[in-house]
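According to numbering that gives the first Met the number 0, the sequence shown is numbered sequentially starting from 0.
Calculated directly from the structure, the hints in this document are not laboratory data. Any given hint could be a false lead.
To be verified - No more than 27 Å apart at the CA atoms, straight line, and that leaves these computed lysine-lysine pairs for BS3-like:
{"hint": "1", "residue 1": "Lys349", "residue 2": "Lys238"}
{"hint": "2", "residue 1": "Lys349", "residue 2": "Lys204"}
{"hint": "3", "residue 1": "Lys372", "residue 2": "Lys326"}
{"hint": "4", "residue 1": "Lys238", "residue 2": "Lys262"}
{"hint": "5", "residue 1": "Lys204", "residue 2": "Lys262"}
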Amino acid sequence: MPSRDPALDLLASVGRLLNAGLGFEATLAAVADAVRTGLPAGRVRIWLREPGGVLWRAVSAPAGPAPAPVPSLDAVPPLEAGAVRLPLVQDGDRLGVLEAAVDRRARDAGLLEVLADFLTPYLASAELSADLAHEVATQSREIDEQRRFISLIIDSLPVGLYVVDREYRIQIWNRKRETGTQGVRRADVMGRPVFEVLTRQPAGKIRAEFDRVFETGTILQEEIEVATAGETRWFRITKIPMRLEGDAITHVITVGEDVTEAKLTQHRVLQSEKLAAIGHLAAGVMHEINNPLATISACVAAIEGRLDEPEPAAAATVREYLQIVDKEVERCTGIVNGLLDFSRPKGRAKQAVALNTVVEDALFLLKHHRRFKQLAVTRELDPALPAVTGNAEQLIQALMALMLNAVDAMEAGGRLTLRTGRVRTGPDEVSLEVEDTGPGIPRAEQSKIFEPFYTTKPQGKGTGLGLSICYGIVQEHGGRIEVESQPGQGSRFRVVLPVGEGARSQQ
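Take these sequences, add in the hints, and give me the full structure.
As structure tokens, this is what we get:
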């Protein structure tokens, strides 16, 4: 069998090495060794660019230390005697140099050119792969750094934060959640269903809240009261929909904020403004109490004048006067108890509240205002109005703020109209209106009237907190306030509140 051509064997061997997947360094060393073996002169060097084009280096054969790297191909050492150099160029880009000691015959030189053509695409491909790997590694480092940065931001937030996926499993649990009142280590909650971790509330309630956010895409916010270590704290819980891509909601972000101090401050401000309203009514209260006291005094004097009369005649008269005294005492007691009941701090629990009753209770308090008797009061109350879920004391305070504002606006008398009814555009909403015939509110001031401490009254006549507190109470009840006013045509304040859950389920 005739022997094969050594040149073809060398090319086939180099081709196999390039396709063998040995790795870049091992492949170059093996190719250099194959060229050295296949050529008679025995020395091969491959000068090439580092991946990324930063440095230049050399691979040599036979085994031994490779030449030191050089800053560029122009700095490659001079060509030794008996050696040939061929450039390795791909699409005009200098990738390196193939250097070999060859026989001067044209056959060996031609073989070296073919080898260079074989080697150049491999080097270009290897460099492209290395560049891509370098780019991927760089981007991976940047992504890791960004993740660490975001994680530090989340852990630095002064609020508790966690994220659940569609399976209700916890995916993020920040540092505040670890150190909070229900502190649980991150390693103990990651990947677990949220119902197994948060046990203060029923699992069904938590699931329903998450389902509502997943289904509607709306932000859900509530305030909860928690008793811990002998004290009561309030937390504002906000559930926010999150979309990784597209329109589908994939996760829900839950933020828990301790609002205890804000609640206590708000409560103190509410109480101080309530006492200010009582001060507003003080003069009228004194007048209301003085009338029955004068009657009682007259009855006592009349009884004393009949003490000398015969017993049967005096007894009937004294009994009549005592009945009058008893009736007037009850009247005084009712006035005082009504004001005391309004002024005392109460719990913030919400229950079913009838708005018509709120109107009557507020009118009972307002009738003691010194200018109330100058007003004509009109009630337009819907007798079939469904109840709202709220705190009756807070709603009375909000209505009192609107009514006092209207009374102050009508200094020379006028008409105060109180109106309740359903909201036509919202079947699950009811409204409470306070309308006056005062001078109205300029349009430029309508956007400011609910700001704290903003008032159009003379100095010393108002705190500027009444309408601001009213706005806060209505918002806390899930409602809103609308204002309609034209200068010279009076003002109408409309409080819109959602119907209570019980009333809604009966519709």
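Non-conforming hints, listed in increasing numerical order: Of the numbered hints, all hold.
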